[in-house]
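Enquirer: Going line by line, the protein sequences match chains Y and D. Going by our numbering, the first residue of the first sequence is number 227, and it counts up by one from there. Going by our numbering, the first residue of the second sequence is number 227, and it counts up by one from there.
A couple of the hints might just be wrong.
All copies of an identical chain are treated as equivalent in the list; a pair is satisfied when it fits inside any one copy or across any two copies.
What the hints assert, rightly or not - List of simulated lysine-lysine pairs, DSS-like, C-alpha gap at most 27 Å:
| hint | residue 1 | residue 2 |
| --- | --- | --- |
| 1 | 346 | 378 |
| 2 | 301 | 405 |
| 3 | 313 | 405 |
| 4 | 346 | 405 |
| 5 | 313 | 383 |
| 6 | 313 | 378 |
| 7 | 383 | 405 |
| 8 | 253 | 301 |
| 9 | 253 | 383 |
I should point out that these hints are in silico values taken from the structure, not numbers from a laboratory.
2 protein chains.
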Amino acid sequence: MRKDLGRKTLLYPMPAVIVAAYDKEGKTDALTAAWAGIDDDYRIGICLTASHHTSVSLMERGAVTVSIADAAHVKEADYLGIVSANKTPDKFARSGLHSHPSAHVDAPVIDEFPLTFECKVVSHDTIAEDTIRVVAEIVNVSADERILTDGKIDIAKLDPLVFDGETRRYMHVGGEIAKAFSVGRSLADGPGKK
Amino acid sequence: MRKDLGRKTLLYPMPAVIVAAYDKEGKTDALTAAWAGIDDDYRIGICLTASHHTSVSLMERGAVTVSIADAAHVKEADYLGIVSANKTPDKFARSGLHSHPSAHVDAPVIDEFPLTFECKVVSHDTIAEDTIRVVAEIVNVSADERILTDGKIDIAKLDPLVFDGETRRYMHVGGEIAKAFSVGRSLADGPGKK
């Protein structure tokens, strides 16, 4: 079951996101992207190969979902990054994944990925040969309840992939180091209070 | 010791980056930012409060460094995100950190953070009240040798912070899940080869 969480300005440790859109025929297109970031104005920026089937679809539809790849579906996430729908038209069907229409935008939500940002496409600009930067505004964030603790996204339950581009591996998120906006307080309060 | 690695299109699990610039007087300014991403055209995008001292400095100088906050310096990284140089003019000095000029851009490299992207500022646009999106082009990546294995950045040695915005904690990167561009191959090769 999914629960709507409204708008959020977060994206879990980067970058391994599943970008999904409906194509002309209403079929679900999806790919995995490593170059994605979020700003603090509810916008996700993603760089994509312009000629990818999913890229064409999201530009045509003006809507896209961005899901966080989780460890439980690492095989499917990797597959979506390896295979091109231009060469394998039934790419999504072959992944074994399923999707349903977002209630908020004209794009598919993939059932299996537990955290999804449902977005309007704000712009898409060519930044290099066959490369576009897509800016997408988050309309809604939906999450599977199983990854929530007291209504909040629980990073340990989500178990998002961390992509290590240098060694081409997916890593887990590990344990806590410290509380943010807190551990540095001793320096802020000065030497006397260290 | 630092070693130049040339240009790279990677940024370690987001988002906790140290943004540093020289102010008018040549003093080092630095802050910690959580909303940062990278595209695949050697550009880092960062959202910042426009009135922050470091923001003003990087816009004036047209240069900035972006360092990855590591677990060994979580206290300093958190401090740089908590304290404003507008209120505490000796903010950087009080952090106990040190810096030296980049050999590539007019911006300081902070000695203690082991991985730094040295950048030219390409653009800065207002995206919301008192918020700018800075796009910075990577001119050079420098890394402390101690985080390298066979010349490559070793994510375990770097031990970058993963910021969990939902619970306001910094997390470690954990163990390997799978090889990228590999684990999904069984799906790509079809059911017969699973």
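Enquirer: Would you list, in rising numerical order, the hints stated earlier that this structure does not obey?
Expert: Failing hints, ascending: 4, 5, 6 and 9.
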